[in-house]
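Starting from the known structure of chain A, arrange chain B with the ligand on it as the hints suggest.
Residue numbers (this note's numbering), protein chains in the order written: chain A, 1 to 467; chain B, 1 to 207.
Derived from the structure by calculation, the hints contain no laboratory data.
Note that the structure is predicted; figures quoted are calculated from it, not measured.
Beta carbons: idealized from backbone N, C-alpha and C, even for Gly.
Misleading hints may appear alongside valid ones.
Stated by the list, open to error - Far from chain A by the CB rule (all over 10 Å, computed), these chain B residues:
# : residue
1 : N76
2 : S81
3 : L121
Claimed, not checked - Calculated pairs, SDA-like style, for lysine to any residue (alpha carbon to alpha carbon, straight line, at most 25 Å):
#  : chain 1 : residue 1 : chain 2 : residue 2
4  : A       : K162      : B       : S188
5  : A       : K316      : B       : K31
6  : B       : K34       : A       : F94
7  : A       : K162      : B       : E161
8  : B       : K31       : A       : K162
9  : B       : K34       : A       : K162
10 : A       : K316      : B       : K67
11 : B       : K34       : A       : A24
12 : A       : K316      : B       : E16
13 : B       : K167      : A       : P416
14 : B       : K31       : A       : A24
15 : B       : K67       : B       : F108
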Amino acid sequence: MAARTLFDKIWDSHVVERLEDGTAILYIDRHLVHEVTSPQAFEGLRISGRRLRRPDATIAVVDHNVPTSDRTLPIEEPESRNQIETLERNVREFGVPYFPLLSERQGIVHVVGPEQGISLPGMTIVCGDSHTSTHGAMGALAFGIGTSEVEHVMATQTLLQKPALNMKVVVEGTLGAGVTAKDVMLAIIGTIGTAGGTGYVIEFAGSTIRGLDMAGRMTICNMSIEAGARAGLVAPDETTFEYVRGRPFAPQGEAFEQAVAYWKTLVGDEDAQYDKIVELRAEDIPPVLTWGTSPETVIPVSGTVPDPAAETDGAKRAQLQRMLDYMGLEAGQKIAGVPVDVVFIGSCTNSRIEDLRSAAAIVAGRHVAAGVRAMVVPGSGIVKAQAEREGLDRVFLDAGFEWREAGCSMCLGMNPDRLTPGQRCASTSNRNFEGRQGPGGRTHLLSPAMAAAAAVTGHLTDVRELI
Amino acid sequence: MDKFTVLTAIAAPLPEANIDTDKIIPARFLKTTKRSGLGVHAFDGMRYNQDGSEKPDFVLNREPYRKAGILITHDNLGCGSSREHAPWALLDFGISCVIAPSFADIFFNNCFKNGILPIRLPREICDALMDDARLGANGRLTVDLERQVVVRPDGEEIAFEIDPLRKRLLLEGLDDIGQTLQHAGAISTFEAARARHQPWQPRIVID
Ligand code: SF4
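Isolated chain A (complex conformation):
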């Protein structure tokens, strides 16, 4: 057999049937369901009198528009309440396993899946949310789907898919102080652009990636979609197996050992061909952030905002100017020192315990700058409880941060946590599109440590000055 990549191996092992035009019926191992993209799918099933084929391969959780303040109070926004209640009705009617709002296991679906051992190496994992790519960190093929596909998976446990092209992004070397997985991924997106990965599944490899913990790998895979890729993945290794061991829904005991024996085969063959290879040196990556309204507008924190006049393509020049105007920045301005109004530490990109520790290390002994609203929204109830056991909540609260309940929160502003027009936010989330965090809001994407640095200084800051 021809040499195969990791993606090829996972793909091949899930093909149920190949149709005439090359489309495959691909078997799906895990279907993650949340309140925003599922109601119309359940409605579709109901209309056509269909059932869920594999409720035991499905998990539902509420995350996108749950309030992150006191959960014992009724949900104020009627439409949010309606979506949450609709999901609860649907999971009962269709017999879907569910982590309810008041469960400690509730959280952002992409934090909950790996944390519970639901997302495992070698699996195909889908969810009606583009950041499903996060689960690729487990060594799984994980990607976002639309609501029609959600319904398709519910009814058939499969998807109609064409194979993707293979891309490998190799990062070698040792990261400098203050440089995190988020900086690595932003640097990658800055290099290949938001369409650089279109049509590809990206495998992340190299000593820098191998050296990351699972949270860091999840941050990287999470933002594969911002690089245009269908999915991102990292070959499973000892770090992965140790992470999975003992998780509630993972195989246990003898079954775990059998699983590991299989998972160890999940590496690309030595001479496997990639359609595209991109290489970066860890030493070349400083702490970075975005200045504009596209995730590829990445600059070093020591850098300056680009000048549209330097752009020769007229359409691109106009777009840069529009971004500058929207972001309220001047061409050539130094990015460090730009004052922020809000700091958001959270989202499926950066709300795991490791992220909170890294932010807390900067915050400890300091105070949120006057006039800045800073909040931490843990990725799940489990992360929150763990942080509280470690005393991180005290670090944040004593410094003047808000300490919230788990959910997507200000990542997309579907719940009451949103920016007001013109507000500038240092955010650990993954998208900085116009209005993403609230109409007129201005988002700078950066790492949890950099977000913490912005909170305590009141402006975009090179975190290395604080360590």
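Relative to the frame of chain A, chain B with the ligand by itself:
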């Protein structure tokens, strides 16, 4: 799903690249539990002022483009969130064909699944079609899926590529699920084989 055969419609030119799904339908409008009714919020940020009044310059606020059935843009249309609300919003507005030099993967797929035809054409051709579109009611375009051509107002025909399976599903207005369920036997066989070879694969059960 409605069949897509031949569409003759006013085309709206929107010469921008990277129009993401947040722009097509901002997240705060995703709270519906139905597929319909999102058309009034399509392109909300570009279309309305903060106070809810219309921005008179935005193409879809101008005649005759309020009745546009085709949208033409620059590269990477539909990037960002995978929300299917984006095609629903377009469809509810009345747009059932989008033309661009390139599309984001998920959005491209989602269009087909909702009866919208996405057509990839080179940038120069998109620009030429935008010039046609600027003629307004005199610049109607015809999209003939069976023959795989876009017909310009002067009668010139521009051919486009489309996956044969997708073409058939659109022409027949067929949904994928029914198609796949014809292979239910193969799915059961696959499941049985996996249960034999990978008995450790856990099931999700919550008591
Ligand atoms: S945290 Fe943000 S990006 Fe992640 S699933 Fe929620 S809304 Fe999507």
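Going through the hints against the structure:
1. Annotated as non-interface, N76(B) brings its C-beta within 10 Å of a C-beta of chain A; the closest such distance is 5 Å.
2. Non-interface status of S81(B) relative to chain A is broken: a Cβ of that chain comes within 10 Å, the nearest being about 5 Å off.
3. No beta-carbon of chain A comes within 10 Å of the beta-carbon of L121(B); the shortest separation is about 16 Å.
4. Between the alpha carbons of K162(A) and S188(B) the distance comes to roughly 21 Å, so the proposed pair stays at or under 25 Å and holds.
5. With a CA separation close to 34 Å, the supplied pair K316(A) and K31(B) exceeds the 25 Å bound.
6. Taking the CA atoms of K34(B) and F94(A), the gap is about 18 Å. The hint holds against a cut of 25 Å.
7. Pair hint K162(A) plus E161(B) holds up; C-alpha atoms about 16 Å apart against a cutoff of 25 Å.
8. A threshold of 25 Å between alpha carbons decides the hint, and for K31(B) with K162(A) the separation of about 31 Å lies outside it, so the pair is violated.
9. Taking the CA atoms of K34(B) and K162(A), the gap is about 29 Å. The hint is violated against a cut of 25 Å.
10. Between the alpha carbons of K316(A) and K67(B) the distance comes to roughly 29 Å, so the proposed pair goes past 25 Å and is violated.
11. Simply put, K34(B) and A24(A) have alpha-carbon atoms about 30 Å apart, too far for the 25 Å limit, and the pair is violated.
12. At most 25 Å may separate the alpha-carbon atoms for a hinted pair to count; K316(A) and E16(B) meet this at roughly 9 Å.
13. Straight-line distance between C-alpha atoms of K167(B) and P416(A) comes to about 42 Å, which puts the hinted pair past the 25 Å bound.
14. For the given pair, K31(B) sits about 33 Å from A24(A) by alpha-carbon distance, which is inconsistent with the 25 Å threshold.
15. Distance restraint check for K67(B) and F108(B): the Cα-Cα separation of roughly 23 Å lies within the 25 Å cut-off, and the hinted pair is therefore satisfied.
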